[in-house]
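J.: So you can see what is in the structure, the chains are spelled out below.
Protein chains: 2
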Amino acid sequence: MAKKKRQMILNLFLNNIGHHEAAWRHPAAEIDQLNDFSYYRKIAVKAEEAKFDSIFFADRLAVSKEAVQYSAASRLEPLTLLSAISVVTEKIGLIATVSTSFNEPYNLARKFSSIDHLSKGRAGWNIITSGTDEEARNFNYDKIPDHALRYRRSKEFLEVALKLWDSWEEEALIKDKAAGIYADPDKVHRADHKGEFYQVRGPLNVSRSPQGRPVLVQAGSSKDGKKFSAEFAEAVFTAQQTLEEAQIFYEDVKQRAEGFGRNRNEIKILPGICPVIGNTEEEAKEKEYRLHHLANPDHSLSQLSSRIGFDLSGYPLDGPLPELSETGHIRGHQSRTKLIKDLAQRENLTIRQLLHRLAGGRGHYTISGTAEQIANLLEEWFENGAADGFNIMPQLMGEGLDDFIEKVLPILRQKGLFRENYTGDTLREHYGLGYPASQFSTKDNRRSSIEKVHTSDQIG
Amino acid sequence: MAKKKRQMILNLFLNNIGHHEAAWRHPAAEIDQLNDFSYYRKIAVKAEEAKFDSIFFADRLAVSKEAVQYSAASRLEPLTLLSAISVVTEKIGLIATVSTSFNEPYNLARKFSSIDHLSKGRAGWNIITSGTDEEARNFNYDKIPDHALRYRRSKEFLEVALKLWDSWEEEALIKDKAAGIYADPDKVHRADHKGEFYQVRGPLNVSRSPQGRPVLVQAGSSKDGKKFSAEFAEAVFTAQQTLEEAQIFYEDVKQRAEGFGRNRNEIKILPGICPVIGNTEEEAKEKEYRLHHLANPDHSLSQLSSRIGFDLSGYPLDGPLPELSETGHIRGHQSRTKLIKDLAQRENLTIRQLLHRLAGGRGHYTISGTAEQIANLLEEWFENGAADGFNIMPQLMGEGLDDFIEKVLPILRQKGLFRENYTGDTLREHYGLGYPASQFSTKDNRRSSIEKVHTSDQIG
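For the protein sequence lines, the chains are A and B, in the order given. Each residue of the first sequence is one higher than the one before, starting from 1 at the first, in full-length UniProt numbering. Each residue of the second sequence is one higher than the one before, starting from 1 at the first, in full-length UniProt numbering.
In short, the hints are calculated from the structure, not lab data. Among the hints, erroneous ones may be present.
For identical chains, the list gives no copy identity; a pair is met inside one copy or between any two copies.
What the hints assert, rightly or not - Derived lysine-lysine pairs resembling DSS-like cross-links, with alpha carbons at most 27 Å apart:
1. Lys177 with Lys65
2. Lys175 with Lys287
3. Lys42 with Lys120
4. Lys46 with Lys120
5. Lys187 with Lys287
6. Lys5 with Lys407
7. Lys415 with Lys227
8. Lys285 with Lys415
9. Lys177 with Lys46
10. Lys407 with Lys46
11. Lys407 with Lys341
12. Lys177 with Lys120
13. Lys287 with Lys143
14. Lys175 with Lys341
15. Lys46 with Lys194
16. Lys177 with Lys287
17. Lys194 with Lys227
18. Lys5 with Lys415
19. Lys194 with Lys120
20. Lys227 with Lys143
21. Lys120 with Lys285
22. Lys120 with Lys65
23. Lys42 with Lys177
24. Lys175 with Lys187
Take these sequences, add in the hints, and give me the full structure.
T.: Set out below in structure tokens:
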């Protein structure tokens with residue numbers, strides 16, 4: 001049999017009305033449906049019909065009065081949404097962001113295990129530590145704990161969750177009605193975790209889920225973030241502004257993963273791409289300009305200030321970005337702040353120009369062009385060591401997703417880069433990831449799970 | 001128009017394979033489907049077709065190795081299940097137990113608001129404090145905090161949640177695309193809560209949900225529990241062993257509610273009823289006996305020990321229940337422990353007989369009989385100041401629910417005590433509860449919401 005071409009992973013990042021900060025003001029924006037499940041069902045079903053690997057919800061655990069005034073700021077809780085979507089879809093993977101700073105590992109492990117059961121093996125968890133004071137103030141803090149502390153806690157949180165997911169071995173269930181034995185107690189294990197932040201006995205009160213555990217995703221690209229990814233993540237969402245930077249990031253994370261004794265194919269790198277698609281490049285640029293024109297510059301500036309942890313309100317919009325100090329106030333999103341500074345410097349942008357560059361995807365790669373241009377870009381990154389696939393972030397959700405599905409996907413399929421049909425049933429199978437054996441298992445399942453990676457449809 | 005007869009509330013308590021502890025061993029038990037959504041979908045849809053007011057999931061945040069061995073102990077997480085069920089049903093109310101001891105109010109308020117949005121106004125929260133060391137050990141404690149402390153925390157937790165649900169006023173959403181104004185910031189409020197246990201700024205990041213907030217349910221029948229119910233609960237789940245005790249409880253809670261300035265119709269009392277239905281009383285008794293016969297006495301004894309906080313393992317099964325000390329070790333389920341002691345004493349039961357009496361519903365009222373006998377019992381309690389409706393707890397879920405729907409409901413309908421069709425769309429409407437105005441609202445919605453109670457279909 002001919003060796004199948006390596007296939008691109010495509011994740012739909014489902015952000016509200018669209019990733020452009022002014023998308024909600026667009027005439028086509030379905031703003032009345034933001035709290036209505038029919039909106040999410042429609043998009044999820046559409047993405048599944050188009051054979052996307054997964055859909056993804058980000059999250060943030062706070063909102064300001066300014067944000068509710070100037071943006072479509074009501075957001076349904078992601079795990080609630082995933083649970084609902086799980087029963088109206090059959091194949092597509094379901095990924096949600098949940099913070100390790102403001103949850104209990106037992107509760108979270110249970111919820112993801114439940115969603116993995118409900119969806120028959122399609123759950124994924126984007127692990128974040130939460131980076132803002134605004135969020136911390138909803139959870140008994142005055143300020144967000146510092147970066148290193150959050151990552152230390154996050155690592156322990158994940159260790160506890162892994163013990164809990166593994167607490168029921170693969171063959172623990174017996175279900176012998178006659179003998180009255182439901183599970184083999186020798187194959188159900190306590191976590192007995194006692195660490196710096198958590199003390200959790202276990203076992204989990206849900207039996208092992210179809211994927212063993214959710215696919216572990218990570219999106220921090222700071223030094224701590226990359227280290228965490230390299231050790232634990234099976235997929236990495238990342239914002240990259242140039243092919244070269246993306247290549248460096250890709251190779252860095254893969255090598256770090258190898259440093260932890262992992263196979264480089266066990267960790268998938270997915271840069272974000274925020275497309276606006278037109279029949280001509282001019283049409284696309286005009287569409288994008290119309291979105292920029294709908295943005296409120298004062299609110300954009302205030303959002304940027306919050307993102308980089310530096311108050312820009314006194315600075316002229318048509319002047320340059322001021323010097324940002326390297327340390328101290330930047331406790332939040334370290335890598336994103338660096339990306340924004342580098343972008344402004346490299347392209348010599350005024351603050352106003354920078355706001356436009358960030359409006360479509362908050363630092364993710366934006367591109368307005370024809371379907372061919374976008375497909376070629378994805379191919380270039382994919383074929384040149386910058387990506388295993390992409391986080392697709394339509395700037396305007398309805399129209400932008402339709403354009404991507406109808407115009408870009410056929411080209412990717414023609415190039416042999418994206419599936420015609422699902423070949424697997426679980427998110428792990430879509431992404432080409434192995435099945436993780438329980439750490440308490442007496443059987444040596446680990447080897448066979450890695451072999452499975454190499455025969456999956458994702459790897460050439 | 002003729003005054004409509006007061007209608008009974010019927011809530012289906014959906015417990016795993018059934019409420020009898022040995023239900024999972026019954027030949028008809030769908031034990032393979034316990035982690036499969038199709039099982040829950042089927043029951044929820046059936047309950048909705050039968051016009052139940054609501055379905056309800058209890059919860060417990062731990063499992064022992066003994067429980068996984070001898071009982072069908074894998075349990076999907078309730079909020080995850082409610083979210084999934086919300087999109088495959090249209091009318092039935094959706095209630096889940098969540099503990100105030102091991103969650104953050106911001107997260108929980110957000111999840112219930114999201115489920116209320118997804119379900120278009122059908123969410124209910126059964127507020128519990130969690131009562132066992134086994135649970136505490138999954139959440140960084142060695143022992144469960146004492147009863148009074150848990151209730152103090154619970155009260156503050158609820159106060160925070162209420163502030164968050166109320167943080168978006170009824171008319172906060174503007175959604176003016178042209179002006180770029182999504183919400184009126186003067187109608188979106190911070191919680192600014194600083195208390196003994198929580199410090200939460202708010203506002204919530206989801207706009208006000210259809211019911212304003214979930215229906216608040218409480219199930220503790222201790223002194224602290226009743227006080228909490230009287231002040232906050234809109235429905236009370238309770239275990240009562242005799243009509244007389246149920247009447248005393250009913251009147252006590254209603255009077256306490258009036259003591260908080262509430263209308264007695266704003267709090268609905270729903271005792272649990274665990275039926276086994278036969279064409280004759282003998283057939284029903286035989287069905288029930290067959291379930292008892294499937295139970296494992298050692299495991300039953302160990303569960304009882306855990307429930308009452310007293311190790312019974314040394315005591316002969318055919319001897320009496322020993323004297324239990326009143327204080328100290330009973331930190332958990334105070335009122336249930338008292339109920340069990342009273343039951344054993346009143347009926348002069350041996351430990352084995354007590355285990356049988358508890359096997360079908362853990363202290364809730366069990367009845368094996370004909371449909372007529374059961375309908376008459378419900379009518380008697382409902383018409384004589386003991387109940388506003390019932391928590392229906394089939395001892396064997398599939399067959400028991402079918403029997404109840406096909407045999408008992410028609411009799412209740414004939415008596416004019418239970419609806420033929422839904423007359424409302426939300427859980428509040430089904431239960432005959434008013435719409436709660438935001439505490440931050442400048443409009444006086446409170447009066448009109450109470451008036452609404454009196455014109456609903458629940459109140460004569």
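J.: Between copies, within a copy, both or neither: which fits lysine 227 and lysine 143 at Cα up to 27 Å?
T.: Answer is within: at 24 Å inside a copy they meet the 27 Å cutoff, but 36 Å across does not.
J.: Given a CA cutoff of 27 Å, do lysine 407 and lysine 46 count as a within-copy pair, a between-copy pair, both, or neither?
T.: within (14 Å within a copy, 43 Å between copies)
J.: Please sort lysine 42 with lysine 177 into within, between, both or neither, judging by C-alpha distance up to 27 Å.
T.: So lysine 42 and lysine 177 pass the 27 Å test across copies only (23 Å; inside, 42 Å).
J.: Within a copy, between copies, both or neither: where do lysine 194 and lysine 227 come within 27 Å Cα-Cα?
T.: The answer is within: 23 Å in one copy meets 27 Å, while 37 Å across copies does not.
J.: Is the C-alpha distance from lysine 46 to lysine 120 at most 27 Å within one copy, between copies, in both cases, or in neither?
T.: both (20 Å within a copy, 23 Å between copies)
J.: Between copies, within a copy, both or neither: which fits lysine 5 and lysine 415 at Cα up to 27 Å?
T.: within (10 Å within a copy, 70 Å between copies)
J.: At most 27 Å between CA atoms: does that hold for lysine 46 and lysine 194 within a copy, between copies, both, or neither?
T.: neither (45 Å within a copy, 45 Å between copies)
J.: Within a copy, between copies, both or neither: where do lysine 175 and lysine 341 come within 27 Å Cα-Cα?
T.: neither (59 Å within a copy, 33 Å between copies)
J.: Between copies, within a copy, both or neither: which fits lysine 187 and lysine 287 at Cα up to 27 Å?
T.: neither (58 Å within a copy, 34 Å between copies)
J.: Could you place lysine 120 and lysine 285 in one of the four classes (within, between, both, neither) given a Cα distance threshold of 27 Å?
T.: So lysine 120 and lysine 285 fail the 27 Å test inside a copy (42 Å) and across (39 Å) alike.
J.: Using 27 Å as the alpha carbon limit, work out where lysine 120 and lysine 65 are close: within a copy, between copies, both or neither.
T.: Classified as between: cross-chain Cα gap 25 Å, same-chain 40 Å, threshold 27 Å.
J.: Pop the pair lysine 175 and lysine 287 into one bin, within, between, both or neither, using alpha-carbon distances up to 27 Å.
T.: Between. Shortest inter-copy distance 22 Å satisfies the 27 Å Cα cut-off; intra-copy 59 Å does not.
The earlier numbered hints that this structure contradicts are 5, 7, 11, 13, 14, 15, 19 and 21.
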